[in-house]
Each structure stands twice: as structure tokens, then as C-alpha cells.
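So the protein sequences, as listed, match chains W and C.
For the record, in the first sequence the residue sitting at position 52 is 52 according to the working numbering, with numbers rising by one throughout.
For the record, in the second sequence the residue sitting at position 72 is 72 according to the working numbering, with numbers rising by one throughout.
Derived by calculation from the structure, the hints in this document are not laboratory data.
Identical copies look the same in the list; a pair holds intra-copy or inter-copy alike.
Below, in silico cross-link-like pairs of lysine to aspartate or glutamate (EDC-like), each with a Cα-Cα straight-line distance of 16 Å or less:
| id | residue 1 | residue 2 |
| --- | --- | --- |
| 1 | K7 | E81 |
| 2 | K45 | D281 |
| 3 | K89 | E131 |
| 4 | K137 | E81 |
Given next are the chains, with one letter for each unit.
Number of protein chains: 2
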Amino acid sequence: MPLANEKQAFFPHQAEILPNPLGTASGFILRHKSKIYVFLPGVPKELQYLFNENVLPLLEKESQEKAIYRTRTLKVFGLTESTIADRLKGINPQDHSASLAYLPRFPENHVKITVKGISSEEVEKNLQALEKIIWEKLEGRVFAVDTETLEAIVGQLLRSHQSTLAVAESCTGGLITHRLTQIPGSSDYFERGIVAYSNRAKIEILKVPEELLIQDGAVSGSVAEKMAEGVRQISQATLGLGITGIAGPGAGSEEKPVGTVFIALATPKGTVTKKYQFWGDREQIKTISAHTAIDWVRRYFLNQLSGMNSQLSEKS
Amino acid sequence: MPLANEKQAFFPHQAEILPNPLGTASGFILRHKSKIYVFLPGVPKELQYLFNENVLPLLEKESQEKAIYRTRTLKVFGLTESTIADRLKGINPQDHSASLAYLPRFPENHVKITVKGISSEEVEKNLQALEKIIWEKLEGRVFAVDTETLEAIVGQLLRSHQSTLAVAESCTGGLITHRLTQIPGSSDYFERGIVAYSNRAKIEILKVPEELLIQDGAVSGSVAEKMAEGVRQISQATLGLGITGIAGPGAGSEEKPVGTVFIALATPKGTVTKKYQFWGDREQIKTISAHTAIDWVRRYFLNQLSGMNSQLSEKS
Numbered sequence: 001m002p003l004a005n006e007k008q009a010f011f012p013h014q015a016e017i018l019p020n021p022l023g024t025a026s027g028f029i030l031r032h033k034s035k036i037y038v039f040l041p042g043v044p045k046e047l048q049y050l051f052n053e054n055v056l057p058l059l060e061k062e063s064q065e066k067a068i069y070r071t072r073t074l075k076v077f078g079l080t081e082s083t084i085a086d087r088l089k090g091i092n093p094q095d096h097s098a099s100l101a102y103l104p105r106f107p108e109n110h111v112k113i114t115v116k117g118i119s120s121e122e123v124e125k126n127l128q129a130l131e132k133i134i135w136e137k138l139e140g141r142v143f144a145v146d147t148e149t150l151e152a153i154v155g156q157l158l159r160s161h162q163s164t165l166a167v168a169e170s171c172t173g174g175l176i177t178h179r180l181t182q183i184p185g186s187s188d189y190f191e192r193g194i195v196a197y198s199n200r201a202k203i204e205i206l207k208v209p210e211e212l213l214i215q216d217g218a219v220s221g222s223v224a225e226k227m228a229e230g231v232r233q234i235s236q237a238t239l240g241l242g243i244t245g246i247a248g249p250g251a252g253s254e255e256k257p258v259g260t261v262f263i264a265l266a267t268p269k270g271t272v273t274k275k276y277q278f279w280g281d282r283e284q285i286k287t288i289s290a291h292t293a294i295d296w297v298r299r300y301f302l303n304q305l306s307g308m309n310s311q312l313s314e315k316s
Numbered sequence: 001m002p003l004a005n006e007k008q009a010f011f012p013h014q015a016e017i018l019p020n021p022l023g024t025a026s027g028f029i030l031r032h033k034s035k036i037y038v039f040l041p042g043v044p045k046e047l048q049y050l051f052n053e054n055v056l057p058l059l060e061k062e063s064q065e066k067a068i069y070r071t072r073t074l075k076v077f078g079l080t081e082s083t084i085a086d087r088l089k090g091i092n093p094q095d096h097s098a099s100l101a102y103l104p105r106f107p108e109n110h111v112k113i114t115v116k117g118i119s120s121e122e123v124e125k126n127l128q129a130l131e132k133i134i135w136e137k138l139e140g141r142v143f144a145v146d147t148e149t150l151e152a153i154v155g156q157l158l159r160s161h162q163s164t165l166a167v168a169e170s171c172t173g174g175l176i177t178h179r180l181t182q183i184p185g186s187s188d189y190f191e192r193g194i195v196a197y198s199n200r201a202k203i204e205i206l207k208v209p210e211e212l213l214i215q216d217g218a219v220s221g222s223v224a225e226k227m228a229e230g231v232r233q234i235s236q237a238t239l240g241l242g243i244t245g246i247a248g249p250g251a252g253s254e255e256k257p258v259g260t261v262f263i264a265l266a267t268p269k270g271t272v273t274k275k276y277q278f279w280g281d282r283e284q285i286k287t288i289s290a291h292t293a294i295d296w297v298r299r300y301f302l303n304q305l306s307g308m309n310s311q312l313s314e315k316s
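Construct the entire structure; sequences and hints are all you get.
See below:
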């Protein structure tokens with residue numbers, strides 16, 4: 001055993017050890033003159049685990065304060081922080097013994113509700129009432145609560161609709177597929193992903209007609225549509241998601257600047273295609289493009305994807 | 001314009017405004033009784049930008065201290081923090097007016113050198129001398145310096161060897177491809193990525209023989225090998241990288257527990273395959289698997305990939 005690990009077994013006299021199942025460095029607690037000193041390992045995952053498992057319960061036990069606080073975070077996508085604040089400005093959080101905080105978490109915006117009270121019933125009632133108002137005011141743009149993620153919600157929707165998904169990506173370069181497969185059990189509904197970076201991959205695997213690539217260019221609505229339909233057809237998945245765009249920093253033009261992205265969703269009811277103009281560096285454009293595309297699947301199942309009912313490709 | 005943005009144009013009397021090209025909230029500086037107060041927006045990207053562009057130069061200008069500090073971070077993969085410390089224990093950083101810090105950044109471990117001196121020549125000389133010693137003691141496990149990333153280094157190697165890469169992923173679910181395509185211009189050397197989550201995708205696209213999937217299972221060295229060779233063949237790329245494994249938390253067995261991962265690299269000189277046993281949750285296993293696979297490409301070009309010279313599949 002390296003010496004550096006061996007010395008992790010030594011603790012100060014009278015320390016209460018906090019065993020660390022995620023690593024080799026345990027935490028410990030010292031008490032001195034009515035104060036509590038907590039020592040935790042620095043690795044974020046380990047610190048967070050020990051904090052939640054040991055330190056929070058300790059604080060709760062030692063606390064003299066009887067007020068109860070409860071928080072809920074509503075995760076919003078597709079509205080700016082300022083727009084959210086404007087939509088919610090009619091709300092008076094104090095009516096619910098609550099406060100609101102706006103937390104940008106690119107590309108999401110979070111609204112955090114904190115309610116204070118003296119009984120859990122009262123706090124929970126206020127929290128639920130305020131949460132309901134906010135959901136309604138933000139009209140389908142709240143996609144998840146607290147620790148839920150967009151990809152988990154989309155996974156639940158695919159599962160409950162007994163649907164499968166296949167993805168054909170270009171500008172997002174695998175990020176959509178990576179995020180969908182972060183969810184345990186995603187192999188039940190995620191069939192395959194094709195990162196068709198080259199034109200040859202688009203033609204050979206996804207059956208995008210070569211003439212279309214020449215005529216409209218690889219970054220075009222018609223190619224996004226063929227990518228979505230191609231991956232749906234070869235995989236026999238219920239839904240096929242296609243995306244092509246210019247993540248930059250190079251390859252932009254006056255007609256198609258960096259951030260031009262086309263998304264298409266092929267479904268049993270037809271295919272929807274839409275053009276977006278995003279903004280930012282390469283990483284930001286990949287991030288917001290992937291988020292938008294994954295959110296399309298959510299909105300498809302909630303019948304919120306515009307253009308879906310008319311079964312026509314939507315251009316905007 | 002939403003009211004929330006409008007109020008961002010108001011500043012305290014005598015504030016020096018720090019314009020923010022990345023967002024709507026500018027920073028500002030106030031001076032009061034020989035103290036400097038700096039106010040920055042909270043969005044990390046914007047804060048970091050303004051800190052580097054405005055606050056650091058200000059501190060440098062205002063500082064009375066004449067000592068010069070310079071740091072260099074060596075990024076290490078494939079050695080634990082304790083092993084690195086053991087390998088470097090013969091070094092006395094004070095001999096170079098330096099100190100060393102070990103920073104775990106899963107799945108990487110960073111060694112940060114800080115040198116202090118009175119002239120930039122002296123500081124740079126000490127930094128270079130100590131850096132050289134550490135590179136040698138860690139034998140090819142330092143893959144990048146400071147802000148360089150593994151995927152950028154691999155991109156440079158592919159480019160300088162006029163080589164292209166195609167990837168066939170299963171357990172990493174698109175993460176390898178996502179990371180490779182984070183690099184601007186990666187379309188020059190990255191040809192395509194196939195996330196073959198289902199057996200059908202492995203058979204139809206990658207031409208993995210169905211008998212092999214039945215006989216050895218989807219998580220096996222022989223299937224990893226066929227995935228690498230299949231994606232190399234259909235893409236005509238110089239190198240084909242294949243990976244299959246069990247990211248968990250489900251699907252593990254006694255014979256193939258969660259964290260069992262097979263990586264294969266198909267090259268003009270033959271195919272190398274190796275079994276790994278990783279540890280952690282789903283996200284950690286995806287992360288370390290992707291990192292290991294991308295590092296194979298680096299080590300291939302540096303002739304450090306064991307088993308390559310014998311042109312035989314390596315099992316361990």
C-alpha cells in the first residue's frame with residue numbers, strides 16, 4: 001500500500017470517524033468547547049456523499065432552531081431568465097411564506113422555491129400551491145423538478161409510451177446519444193445512434209440522397225429530415241431524431257452562420273423539421289442544440305411540438 | 001426589453017464599469033478608503049472571463065509584492081494519486097524554489113507545480129527543469145499540460161499523422177464521439193461514430209457476426225474486436241476504435257460484473273484488444289472507459305500501446 005494511503009488511517013485523539021465508502025480518505029468530527037469541527041475529503045463526490053449522509057443529519061440533530069425550510073427547484077428550458085421573471089412578476093411569494101430565486105444553469109434556467117413554516121403540513125401545502133401557479137405561468141416549459149434531468153423525463157415518456165428512439169447526429173457529435181444513455185436502463189428504449197460527421201456516413205448509413213447534399217448542403221432542413229427518417233427506417237425505432245448544423249468556430253457563412261442548426265423528428269405521424277439560430281462558442285452550441293433536440297421528444301409526447309398536428313414540415 | 005434586463009444598466013455612483021461581452025450583466029469596481037471592491041456577474045463563464053480579463057490585471061497592477069509566481073499543471077491518466085506521490089517522492093521541490101500539489105480530477109490526476117522567484121528567467125528555468133523530471137518519472141502517463149485536453153492532444157496526433165478515426169461504441173453511449181468532436185476542426189480527422197446499443201445495430205451496421213454475439217455475448221473481447229474492425233472497414237478510416245462493456249447498475253453477472261469493459265483498436269498493423277475492470281457508478285464507468293479508449297489512440301501513436309508490436313490481441 002502506498003504510504004500516502006497508509007497515513008489516511010491516522011486520526012486525531014477523540015475524533016469521531018465518518019467512514020467513506022466511495023474512497024480511501026475518511027472524514028471525521030472533533031468537538032471542542034461546544035463547537036463542532038467537521039473534516040471531509042476534498043473529492044467532490046465523496047464530500048457531497050459524507051455531507052448528505054453525516055453532516056446534514058448532525059446539523060439537524062444539533063440545531064436549536066425549530067423552523068422548517070423546504071425547497072423545490074423547477075427546471076425550465078426555452079425561456080430566458082428575464083422572461084421567466086416577467087411571467088412570474090404577478091406572484092407574491094410572501095403570500096405562501098416563500099421566496100423565489102432564479103438560477104441560470106446553461107442551457108436551463110432554474111426557479112428555486114424556498115418555503116418556511118412551523119409544520120411540515122403547512123410548508124408542503126404552501127410549496128405545492130406556489131409550484132402549481134409557476135407551472136401554469138410557464139406553460140409547458142418546466143420540464144423537470146429537483147434532481148430530475150431532461151433525459152430521465154424523456155426516458156420515462158418513451159418507456160410509458162412503449163416507444164423506442166434512434167438518433168442521427170452531425171453537429172452535436174454524439175452528445176445527444178451520450179446524454180440519453182446516462183440513464184440506467186436506457187438500452188430498453190434507445191436503439192442506436194449514428195454520428196454521421198462525414199457526408200459519406202450520411203449517404204451510406206442514413207441513405208441521405210447525394211443530390212440533396214450537393215443541392216441544399218449538409219446543413220439544411222431537407223438533410224435533417226432525411227437523417228431523421230433514415231435512422232428511423234434502418235433501426236425500426238418508433239421515433240428518429242436528426243440534427244445537423246454549424247457548431248463553429250469555423251465553417252460559417254453569411255447565409256448559414258455559426259449556430260445555424262436544423263432539427264427533425266420522424267414519427268409514425270410524419271416528420272417535423274425546424275431551423276434554429278443559436279449563439280455561443282462550440283461547446284455552448286453543441287449543448288443547447290442537444291438540449292433542444294432532446295426536449296423535442298418530450299414535447300412530442302405532450303403534443304406541444306408545433307407543426308406536429310398539421311403533419312407538415314415547419315420552417316421558421 | 002424585460003425590466004430585469006433594464007435594471008442591469010444602473011450602477012452605483014463612481015463605479016468603474018467592466019463591460020461583459022458574454023452576457024447582459026456588466027461587472028463594476030468601487031474604490032473606498034484604499035480598498036477595491038469588485039462586483040461580477042454570477043454566471044460562471046462570464047465571471048471567469050471578467051476575472052481573467054479585468055480583475056487579474058488589476059491585482060497585478062495594484063500589488064506591492066514583487067515576487068513572481070508561475071504555475072504549470074501536468075495532467076496524468078492511468079496512475080492513482082498515491083502512486084504518483086510515491087513515484088515523485090525522491091524529488092525535493094524546494095531545490096527548484098517550487099511546491100507541488102496533487103489534484104484529483106476524475107478520471108485524471110493533476111500535478112501542479114508552483115515556482116516562486118524574482119526574475120521570469122529564473123522562474124521559467126526552475127519550472128522547466130522540474131517539469132522535465134516529473135515527465136520522466138511518470139513515464140508517458142502525462143498526456144497534457146495546463147488547459148490542453150486529452151481529446152485535443154489526440155486530435156493533434158491524428159492530424160500530424162494524416163490519419164482518420166472512426167468509433168463504434170456500446171457502453172460509453174456516444175461519450176467518446178462527443179469528446180472527440182468538442183475540438184474545433186475535428187471533422188478533418190473524425191469520420192463517423194456508431195453507438196450500437198442494440199445487437200441489431202452491431203450486426204447490421206458493424207457486421208459483427210450474430211454467432212459471436214450468441215456465443216461470447218455482446219460484452220466480450222471478440223465483439224469489441226469485430227466492432228473496431230467493422231467501423232474501420234465501413235468508414236475506410238485509418239483507425240477503428242471499438243468498446244463494449246457493462247456500465248451498470250443493472251446487467252452485471254458473476255462472470256462479467258458491472259465495470260467489465262473491452263476496448264479494441266483496429267489499425268493498419270492489426271487489432272489490439274484488452275479487458276478492463278472499472279469501478280464506480282454508471283457515469284464514472286462511462287467516463288473512465290471513454291478516457292481509457294481515447295488514451296489508447298494517443299498511446300498508439302507514441303508506440304506505448306502494449307501488444308501492438310506483436311500484432312496480437314492482448315488479454316489481461
